[in-house]
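> Okay, here's what each chain looks like letter by letter:
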Amino acid sequence: MDGQGMKRRDFIKAGLLTAAASALGPGVMKPVGLWAATPSIKGPVKVGYQAVLSGTLAGYGEFHKMGAVMAVEEINAAGGIAGQKIEMEIRDSTLAAPTAIQNVRYFVDSWGADLLAGVDSSGQALAVAPVMGQLDRVLMVTHAATEKLTEEEVFKKGVRQVFRICTPTYQDGNAAAFVAKDLPAMSWATINPKYEYGFTTWNMFKETLGKLKPGVQFTAESWAPFGTTDFRPHINTIMDAKPEGLYSVVWAGELITMMKQAKQAGLFEKIKHVMLPVGAAMDVLEGLGAEMPDNIWISGRYFFLYPDTPQNKDWVARFKKRWNHYPAYVSETAYSTMFAFKKAIEAAGSKETGPVIKALEGMELDGPAGKRVFRKEDHQAMYDVPWGLTVSSPNYPFKIMGKQIVIPAKEFFNRPPFEGDASKPPFKS
Amino acid sequence: MTAPLLEVRDLSKAFGNVVTANNLNLSLTAGVLTSIIGPNGAGKSTLINILTGFIPPDSGRIIFQSQDITYEPIYRRVRLGLCRSFQVVNVFTGLTLFENISIPILAAHRRANGLFSTVSGEKAVREEAHRILQRIGLQEQGDLPASALSHGDQRVLEVGIALAARPKLLFLDEPTAGMNPVERIKILENIRQLSQEGEVTFVIVEHDMDIVFSLSERVIVLHRGDVIGDGPPEQIKADPHVREVYLGEEVVA
Amino acid sequence: MNRSWTYILAALGIAVLIGIGLFSSRFILYLTMRVMILSIFAMGYNILFGRTGLLSFGHAAFYATGAYGVALCTIHVHSHPVLAVVAGVIAAAVMALIIGFFCVRHTEIYFAMLTLAFGMMVFSLMWNVRGITGGDDGLSGIIRAPISLGLISIPIMKDSQYYFFVLMFFVVSVLLIHRIGRSPFGLVLASIRENHVRTEFAGLPVKRYRLAAFVISGAFAGLAGGLAVFLESNVTPFAAHWSRSADPVLVSLMGGLQTFSGPLVGSVLFVVLRELIERFTHNWMLWFGLILLAIIMGFRGGIVGSTAALLKRSSEQG
Amino acid sequence: MVQSLVHVCLAGISAGMFIWLVASGLTLIFGVLRVLNFAHGSFYMLGAYLCYTFLRFAGVDFWLGVLLGPLVVCVVGYFMERFLLRHVYPLELPYQLLLTFAMVLIFDELVKMIWGAGSIGSPTVPGLSGSVSIAGRDFPVYNLFIIAVGPLVALGLWAMLEKMWWGRIIRAAASDREMAAAIGVKVPALYTGVFVFGAWLSALGGALAVPYVGLLTTGMGEAIIIEAFVVVVIGGLGSLKGAFLGALVIGLLTSFGTRFIPTLDMFLTFILMAAVLLWRPQGFFAES
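Residue numbers (our numbering), protein chains in the order written: chain A, 1 to 429; chain B, 1 to 253; chain C, 1 to 318; chain D, 1 to 288.
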C-alpha cells in the first residue's frame with residue numbers, strides 16, 4: 001500500500017536481477033541484432049516519466065508506475081536497450097500545466113533524460129508539446145486523449161517530437177458512434193464532463209452518429225464540472241428528457257459515483273442503452289464491483305481481456321503476479337511505451353532524438369494490446385480496442401467486458417489532413 | 001467672528017430605544033475652549049462620533065464653516081479642519097513617532113499620494129513633524145516605535161497626531177484618561193497654550209471636573225441626548241437643574 | 001540595515017542574476033525565471049498583504065487575467081512582447097479595479113472570503129468562456145516574437161535571451177516596490193494596517209488607498225502572469241484557481257511579512273524546496289507541509305524576519 | 001414536470017443537508033475559536049477512510065463504523081489543537097490559515113501512504129441501500145436518511161448550546177473570550193473541546209459520506225472545504241442557524257442551477273457568496 005516503499009524495493013530487486021545477468025558474463029548474454037554491430041549508444045537510456053500522483057486522480061499515477069516499472073525491470077533483466085540499461089525517474093505531474101512543463105524541463109535539462117513519457121491531462125499535453133520542440137526530446141503520451149495534440153501540434157504545427165501510444169478521443173466519440181448506430185436507440189443524451197474532453201467527445205459522437213444513422217436525435221446535455229460528487233441534479237436532467245440512450249465520458253472516481261447514483265435513481269431501468277467510453281478502466285470496474293449493472297457498453301484505451309492472445313494473457317498473468325492487480329489501461333500504455341522506445345532505439349542504432357523519431361514513425365509494435373502502428377503523419381498509434389457489454393463472471397470480483405465488438409482503428413480514426421469532412425469517418429474506403 | 005465655526009441643527013440619533021441625541025441644537029464659536037460634560041450615557045461620545053463622521057445621524061444638519069458636512073466622509077471633514085482624538089489610545093503602534101505624526105501632515109499637505117517619492121524627501125513635512133514632536137515634548141523619541149512609549153506618552157502622541165492634521169476645530173475625548181499627574185499637567189498646558197494661540201478651537205469631553213472648570217471658557221451639559229446646560233463654568237456650577245441631574249451626584253465637594 | 005550595505009547587496013544580487021543568465025544551464029535558467037516571476041507576484045501581493053494588512057485569496061484572478069491578456073494580445077492583436085505585457089498588466093489592473101471596488105469595503109476574514117468569491121468567479125468565467133479562453137485546454141503555443149525597436153530587433157526566443165527580458169522586469173519591479181515602500185503612499189498603507197480608523201481621522205480616504213493598493217498588487221500579479229505565459233508558452237484557467245492564490249500567501253509568510261526582502265527569499269525557498277523535495281520523494285506534499293509547520297512554529301516572522309531578529313539579538317549580546 | 005421539480009428539490013435538500021454536516025463543525029470552530037480551519041476537509045476525509053476501514057477490515061457493522069471512525073478523528077483533532085493550533089491563536093489570521101493549510105497537505109499525503117492513492121468504491125449500507133419511488137421516480141433511501149440526519153444534528157446542536165450549561169459556556173466564550181476567562185472558564189480546555197467536537201462533526205459527515213458519495217479519494221477533503229466555506233459565509237461566519245439555512249440554499253441552488261441554468265454552475269454559488277458578504281455580512285438569515 002505504501003507506494004513509495006514499494007517503488008524503492010522494486011528498483012533494488014531489478015538491480016539485483018540485472019547485476020546477476022551481467023555477472024553471467026558476455027559469453028552468456030551475447031549481444032545480438034543490429035545494435036551489436038554498431039554500439040553507438042553510450043551510457044544508460046534515461047526515461048523521464050510523469051503522471052498524476054497526488055489528488056483525487058493519484059490512483060492513475062500508481063497504475064502508470066506499475067506498467068512502466070515492470071517494463072523497465074523486464075527490459076533491463078533481458079539486457080537492456082542495445083546493451084544499455086534503462087534508467088527511469090518518475091515525477092508527480094499533478095494536473096497543472098506549469099508543473100508538467102517544469103517536469104519535462106527538469107528531466108531533460110537537469111537529469112539528462114533521453115526520452116520522456118506519461119502525461120494525463122489534455123491541457124498538460126497541449127502545454128508541454130511546444131516545449132518538447134524546444135527541448136528536442138521524444139515524448140510518448142500515454143494517457144492524455146485530446147485529438148488536438150496529434151492533429152494540431154504534431155501534424156499542423158510540426159512538433160515531431162510528440163507521439164501518442166494510447167487511443168485518442170476517436171475511440172470515445174467516433175467508435176462509440178459506430179457501436180451506437182446498430183443499437184435500437186433513436187434519441188441520445190449525455191452527462192459529460194464540463195471541460196474540453198467532454199465537449200469534444202460528445203460533438204464527435206453526435207456528428208459521426210448523425211452521419212451513420214440519419215434521423216437520430218440528441219435530446220439533452222448535462223455538463224458536470226470537474227470534481228462533481230453529486231450527480232443527482234444531472235441525472236434528473238437526463239431522466240426528464242427520457243432519451244433511449246445515454247452517453248457519458250465521465251471517468252475515474254466520478255464515474256463510480258455517477259453510476260451508483262444513477263442506479264439509485266433507477267436510471268438503468270428507464271434508459272436501456274448506456275455507453276461509457278472509459279467505463280472499462282480497472283479502477284471503475286473494481287470500484288463499482290457488483291454494483292456495475294449488466295449490459296452497459298464500455299470501452300477504454302485497452303482492456304486486459306483483449307486481445308485474446310498468448311502474449312497478452314502471459315503479460316496480464318505476469319502483471320498480476322508482480323503487483324497483485326489487473327493491469328489498467330495506463331499500465332499497458334506505460335509498459336508498451338518502454339518497448340516502443342527499445343524497438344525504436346535499436347532500430348535507429350541511436351538514442352538521439354532525430355533518429356528515434358525516424359524509427360518511431362510508421363513503426364509497428366507488438367504489445368499486450370496487440371499490434372500498434374505509429375501513424376507517420378500525426379504520430380498517433382493505431383490499434384484496436386474493443387467495445388463491449390458488461391457481464392458478470394465467476395472468475396473476477398467485478399464486471400468484465402462480455403460481448404465484444406471491434407471496430408478497426410483505420411475505420412474511425414480521423415485521417416490527415418484533419419480538415420473537412422473527408423478527414424472524418426465514415427470513410428468510403 | 002460672525003458665523004459660528006460649527007453649527008448643529010436639530011440633530012437626532014437613537015439606537016433602538018436609547019436616544020443619544022434628541023433634536024440637538026448647538027453652535028461653537030471659534031477660539032472658545034469648550035467642554036462637554038454629562039453623566040455616563042449622556043451621549044457625549046456619540047455626539048463627537050456624529051460630528052466627526054464616525055456615525056451618521058438619523059436626522060439634522062451639521063454645518064462647519066458655513067458648509068454642510070452632514071454626509072461628508074470622515075477624511076473630508078478632517079481636511080476641512082474638523083478633527084478628533086480618541087478615548088482609548090489610538091496611535092499607529094508599529095510605526096515610529098515621526099511617522100505617526102507625518103501621516104496627517106502628509107494628508108494636510110496633499111503629499112500622501114506620492115508613489116515614487118520618499119517620505120524622507122518631503123522636507124516641509126519633515127520640518128513640521130519635528131516641530132509638532134517638539135511641541136508635545138517627544139522629539140527625543142522620534143525614531144522609536146510608538147509601542148515603546150508609556151501609556152501616558154501614547155496619549156500625548158495621540159493629541160499630537162490630531163494636531164498634526166492642522167485642525168481648526170479639535171475634539172479631545174477624555175484627553176487625560178490614564179495619565180499620571182505629570183503627564184496630565186504637560187498635556188493641559190499644551191492645550192491651554194494652543195488655545196490661546198488661537199489657531200485651534202478645542203472641544204473637550206471630560207469626567208474630571210477640576211480640569212473642566214479650570215480650563216474651559218464654556219461648558220455644555222448633556223443629559224440623555226438633551227442639552228440641559230450651556231454657559232461659562234461659573235454659570236454651570238450654579239445652575240440648579242445641572243446640579244440636580246449631574247453635579248449633585250459627583251461634585252459634592 | 002545600513003544603507004550602503006543595502007546597495008552592496010542589491011548590486012551583488014543583480015550581478016549573481018546576470019551571472020546565472022550568462023553562464024548557467026538551461027534548467028537553472030528556467031528555475032531562476034520561475035523564482036523571479038513568483039517574486040514579482042509575491043512582492044506585489046505583499047503591498048496589499050504585508051503592508052496594508054489585507055489577506056486576499058483571489059489574486060490568482062489577476063495573475064490569470066494578466067496571463068490571458070498577454071496571450072490574447074499576442075494571438076489576436078500584435079505579437080510585440082512588450083506591448084503584450086503592457087496589455088496584460090493593464091487588463092489585470094482593470095480587473096483588480098472592478099473587483100477591488102467591491103472588496104475593499106471589508107477587512108480581515110470578510111475581505112479574504114470576498115476575494116475568494118470573486119476570484120472563483122473569474123476562474124469559472126475563464127473556464128466557461130471557451131471561445132476566448134480555450135476552456136480548460138487554455139491557450140497554448142504562444143510565441144515569443146523578437147522585440148522590435150524601430151531599426152533593430154532583439155530576439156527573446158531562446159530561454160537564455162528571454163531570461164534577460166524577465167530579469168529586466170524583475171529588477172524594475174523590485175525597484176518600484178522598494179520605492180513604494182518608502183513613499184508617502186507606502187507609509188499611508190502601513191498606517192492603515194496599524195490602525196485604519198486613525199488613518200481616516202488623519203484625513204485620508206482609507207478605502208481609496210486600499211483600492212489603490214489592491215490595484216497595484218493586482219497589476220504586479222498581472223505582470224507575473226504575463227511573463228509566465230511567455231515562459232511556459234501557454235495559459236490555462238487553473239492559473240486563476242484559489243489554490244494558486246495561496247502561493248503568494250505562502251511565499252510571503254515563509255519569507256516574512258513585514259520585510260521587504262521576505263517575499264524574495266520566500267520565492268526562492270518555495271521553488272527550490274519543492275524542486276529538491278521532489279528529487280528524493282513522491283510524497284512532496286508531506287514534506288512541504290512539515291516544512292511549513294516548522295516555519296510557522298519556529299520562524300514566526302518568516303525566515304527573513306526571524307533571521308534579522310536573531311542577528312540583532314546576537315549582535316546586541318556580542 | 002411535477003416529478004422533475006420534486007426530484008430537483010429532493011436532490012437539492014439532500015445535498016444541502018450533507019454539506020451542513022461538514023459546515024456545522026466548521027461554523028462552530030469559527031464561531032468560538034475564530035479560526036477558519038482549512039484542515040476541516042481533512043477531518044471529513046479521515047472520517048470517511050476510517051469508517052470504511054472499520055467496515056472493510058474489522059468487519060464491523062456500518063453504524064459501528066460511523067461511531068468509531070469519527071472517534072479516532074477526535075483524537076487526531078485533539079493533538080492538532082493541543083500541540084499545534086494552540087500556539088498560533090495569538091498570531092494573526094494568516095498564520096492560522098497557513099497552519100491548517102499545511103495540515104491539509106500532510107493529512108492528504110498520510111492518507112495516500114496508508115490507504116493507497118487509488119479511489120475506493122465504497123460498500124452500500126444494509127437496510128438503507130434501496131430506493132423508494134417518489135412521484136414516479138426512484139429516490140435512494142439513504143438520501144432520505146441524510147435529509148433526516150441534517151435537522152437532527154441541528155436540533156442536537158441547538159439543544160446543546162441553548163439548554164446545557166456547557167453549551168452556554170461555549171456561547172459565552174464565542175461572544176467574549178476575555179469575559180469568559182474572567183468568570184473562570186478554562187478557555188484553553190474549552191477551545192480544545194470545541195475543536196475536537198467540530199472535528200467529530202466533520203468526521204461524522206465523512207463517515208456518512210461513504211455510502212452517500214459512494215467513493216473515497218485522497219483530496220476529497222479539498223472538494224468539500226470550499227463549499228463548506230461558502231456555506232459558513234452565507235450563514236454569517238459563526239452562526240449555526242445561518243449555516244443550516246445556508247447549506248439548504250446552496251444545495252437547492254446547485255440542484256436548480258444544474259437543471260435550469262446549467263452554464264452558470266459554480267458561478268452562481270460564488271455570486272451568492274459575494275452578494276451576502278457585500279450586503280449582509282452578518283449572514284443571509286441574521287436578524288440584523
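Simulated from the structure, these hints should not be mistaken for lab results.
Incorrect hints may have been included.
Unchecked claim - Cross-link-like lysine-lysine pairs, in silico, BS3-like; alpha carbons within 30 angstroms at most: (1) 312/C x 157/A; (2) 312/C x 46/A; (3) 376/A x 207/C; (4) 158/C x 156/A.
Stated by the list, open to error - Restraint ranges, calculated between C-beta atoms of paired labels, are given here: (5) 87/B x 184/D: 23 to 31 angstroms; (6) 28/C x 181/D: 48 to 56 angstroms; (7) 75/C x 377/A: 47 to 55 angstroms; (8) 86/C x 120/B: 28 to 36 angstroms.
Stated by the list, open to error - Take a look, some chain B residues computed to stay more than 10 angstroms from chain C by CB distance: (9) 19; (10) 118; (11) 120.
All residues carry an ideal CB built from backbone N, CA and C; glycine is no exception.
> Could you work out which of the previously given hints the structure breaks and list their numbers from low to high?
1, 2, 3, 7, 10, 11
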